[in-house]
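Order-wise, the sequence lines are chains U and C.
Sequential numbering from 1 applies to the first sequence in the working numbering.
Sequential numbering from 1 applies to the second sequence in the working numbering.
No wet-lab data here; the hints were simulated from the structure.
Treat each hint with caution, since some may be false.
Claimed, not checked - Quick list of simulated restraints, FRET-style, between CB atoms: (1) U/A24 with C/W86: 27 to 33 angstroms; (2) U/L270 with C/A260: 53 to 59 angstroms; (3) U/Q16 with C/A260: 40 to 46 angstroms; (4) U/E237 with C/P19: 58 to 64 angstroms; (5) C/S309 with U/L165: 23 to 29 angstroms; (6) U/L165 with C/A74: 48 to 54 angstroms; (7) C/A260 with U/G362: 20 to 26 angstroms; (8) U/R357 with C/F206: 18 to 24 angstroms; (9) C/S211 with U/R357: 54 to 60 angstroms; (10) C/S211 with U/Y305: 55 to 61 angstroms.
Unchecked claim - Part of the chain U face toward chain C, derived, beta carbon under 8 angstroms: (11) W21; (12) I87; (13) F350.
Stated by the list, open to error - Here chain C is said to cover these stretches of chain U; the calculated rule only asks that three of the stretch's residues, wherever they fall, bring their Cβ under 8 angstroms from a Cβ of chain C: (14) 24-32; (15) 149-162; (16) 306-315; (17) 355-365.
By construction, the Cβ of each residue, glycine as well, lies at the ideal position given by its N, Cα and C atoms.
In case you want the letters, here they are:
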Amino acid sequence: MRADAALADRNAAVRQAARSWQEAGAIGEATLTAIETTVPDDRVRVGPVFRGLLFLFTVLAANALFGFLWLLFFDDAEDPGLGVAAIVYGFALAGLTEFQIGRLKRSQGGMEAAMSLVALGYLIGGLGWFALEIFQRSDEIAITWVLTAAAVLFAAAAWRWGYPLYAGGAAAALLLAVARFPGGRLFWIVLPLLAMPVLLRLADSERLPPAHRHSCNAVLIVALIGLYVAVHLGSFESGLVEEIQGIPRFSRPASTSDLLWWLSVAGTALVPVTLLAIAVRTRRYPFLIVGVGTAVASLVTLRYYVHLAPLWVVLTVSGIALVAVVFALRRYLDSGPDRERRGFTAEPLFEDLARQRLLEIGAAVTSLAPEARTVPDEPRFKGGGGEFGGGGSTTEF
Amino acid sequence: MNPDVANAIPQLVESGILPPEKAPRLLRVARRELVSVHGELRALLYFGVLLITAGVGVLVQQNLDRIGPAAIAAGIGLAAVAALLWVARVSPPFSWREVPSPNLAFDYILLLGVLLAAADLAYIEVRFTPLGANWTWHLLIVAVLTGLAAFRFDSRLVFSLALSTFAAWRGISVARFGTDFLWERTGNTVRWNAIACGVLFVGLGFALKKSDRKAHFEPVAVHLGWLLILVGLATGWGESRLWVFYTLAVLLCGAALAAAAYHFRRFPLFAFGVIAGYAALSRLVAEAIQELIFGCLWFFVTAALLIFSLIAAQRRMKEPL
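Just chain U, same shape as in the assembly (with noise of 0.2 angstroms):
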């Protein structure tokens, strides 16, 4: 990341701090303006619907004018300059990109968000095509090809533009091309596991920016997923990992070892737990998340092979024990001293809460609401018909 760039993304977390403790009433708003006047922004930034809609119109424009370009000149998708022009194209946008962030001093614009992204696409998509030209006779290795470079691109463009989703995007394409070389599921849990104290160290440095320091977070999120996934047993049994090779195997497990297959059912018992367990000692979201997402895989893994009860005891008695959970958490949390417990607490701190209750209208608009009634050739009266669906489901009496 640019110096300037760096400060920026500091004094914006400082800032954006203030703001969350002024929303909640810690501060004053006599102390935020002072804290902003302490810590200035010299970067040109818009809110998240004016940011929305400049990406949206941004990927459209660089779309349409590689397109009107590109039937300008060429007009033919098989001209072997077709590779050329899209590397070249790309190159243009990431220096477009470059300029925006360095010149024009742009961040959380959605244009230069935009721009990167359509650039990575177009350089991914032209050493793609080159490599499968290059390879004819091997798409496999074209594949291999463009995935180490895409991850190669996106590590580069985290690093230098200081986006978290290209550094997860990175750690994805790695863990994707380490996948189609023999041993693969084997890097799958080495990497993650030789990289994890790296990154829990790099995302708490004070010489990181903040960018540098999510995007580090947003790695290790993938690299545990890649961990939990390679360990897995409906993975293992599967081969989900092998398939990656390109070989076809019909579902074929990733091995006939009967120990491997008993340390996969271990793993995926212990891999939530142990993720849950580092989340409660080190109060670190990434492991909060994975590791409640992959309880919830396991839960669902374990009725598959082991059918306890019937399915709607299952979804019944889980959600009432989840709701029973949060009750008894709460509780417990907010019955210690100062409504804390080993550094955590249920108070909303400083978060806004405002975007969450968003999420879930939409949730509900989308999944809660019932199934519409046919409207046309409606009869006068049919028994038996009406429709009810809860989340998520349709019931149909």
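Given chain U, put chain C in place with the hints provided.
Same frame as chain U, now just chain C:
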């Protein structure tokens, strides 16, 4: 951990900007010595409610003959009553203003109670047909009851469910609307129902705001209403003869919405208007353009012009970050 904030807090205290008594708690949060799991607990509660309602759905579907309709109806009804009684017991007194939730679980247990009650009503209607030939009205009854619960217990979440249930009564749901729109299968009745629902929701939002009664529900009604109006009109683009009428309608509505939203600083509505207006204009132009190259030129030039206009509009509107 946020080292930049952790480093800044002592400096802000030293320079007299931040009151010293505030610093310790802020510092603990910045150093990750104190972490809130409020959001995570809410998400788990929401997920728990989804699991329970899905379980009830499967129960009704798979065990109808074994358990018997009366037992199922009574069981679901009792569960719904239990949830709603708990909500009524802990709920603060009614007010037309915004009322803070008494606790973390309040909204979700209310949601659970409403969903179970709705499922029970639907089930009773199907099995025992108390509404007879008017069986389709049960969705309206559910929508009204859900709406009343939303107002009484001040829940925007349940209010959004009431609106979407009302729309379902008129044949509109997100899933069906999405697929029908993609495959250009939306019938004329559903289209006009969607538009009418949209107008009704926008009107309801306006009335709530104007009367200052549950005015904080207004954004839910207005956003959903405008989405229904614009998407409803846009489903007419596939019509062989009337597509021009529908496209012009989207163009005019989008432009009017964007202008009004610009005036009143309503950012999401401004985005709806801009996207709808641009899509409609492009639909009209696409019909006239035969060559792909001119299509690319159109999208490049207009998107670029729009970007400059948006930058200028943003400077005037000053959306908070």
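Now for the hints, and whether the structure bears them out:
no. : hint                                   : result
1   : U/A24 with C/W86: 27 to 33 angstroms   : holds (28 angstroms)
2   : U/L270 with C/A260: 53 to 59 angstroms : holds (57 angstroms)
3   : U/Q16 with C/A260: 40 to 46 angstroms  : violated (31 angstroms)
4   : U/E237 with C/P19: 58 to 64 angstroms  : holds (60 angstroms)
5   : C/S309 with U/L165: 23 to 29 angstroms : holds (28 angstroms)
6   : U/L165 with C/A74: 48 to 54 angstroms  : holds (51 angstroms)
7   : C/A260 with U/G362: 20 to 26 angstroms : holds (23 angstroms)
8   : U/R357 with C/F206: 18 to 24 angstroms : holds (22 angstroms)
9   : C/S211 with U/R357: 54 to 60 angstroms : violated (23 angstroms)
10  : C/S211 with U/Y305: 55 to 61 angstroms : holds (57 angstroms)
11  : W21                                    : holds (6 angstroms)
12  : I87                                    : violated (20 angstroms)
13  : F350                                   : holds (7 angstroms)
14  : 24-32                                  : holds (count 3)
15  : 149-162                                : violated (count 0)
16  : 306-315                                : holds (count 6)
17  : 355-365                                : holds (count 7)
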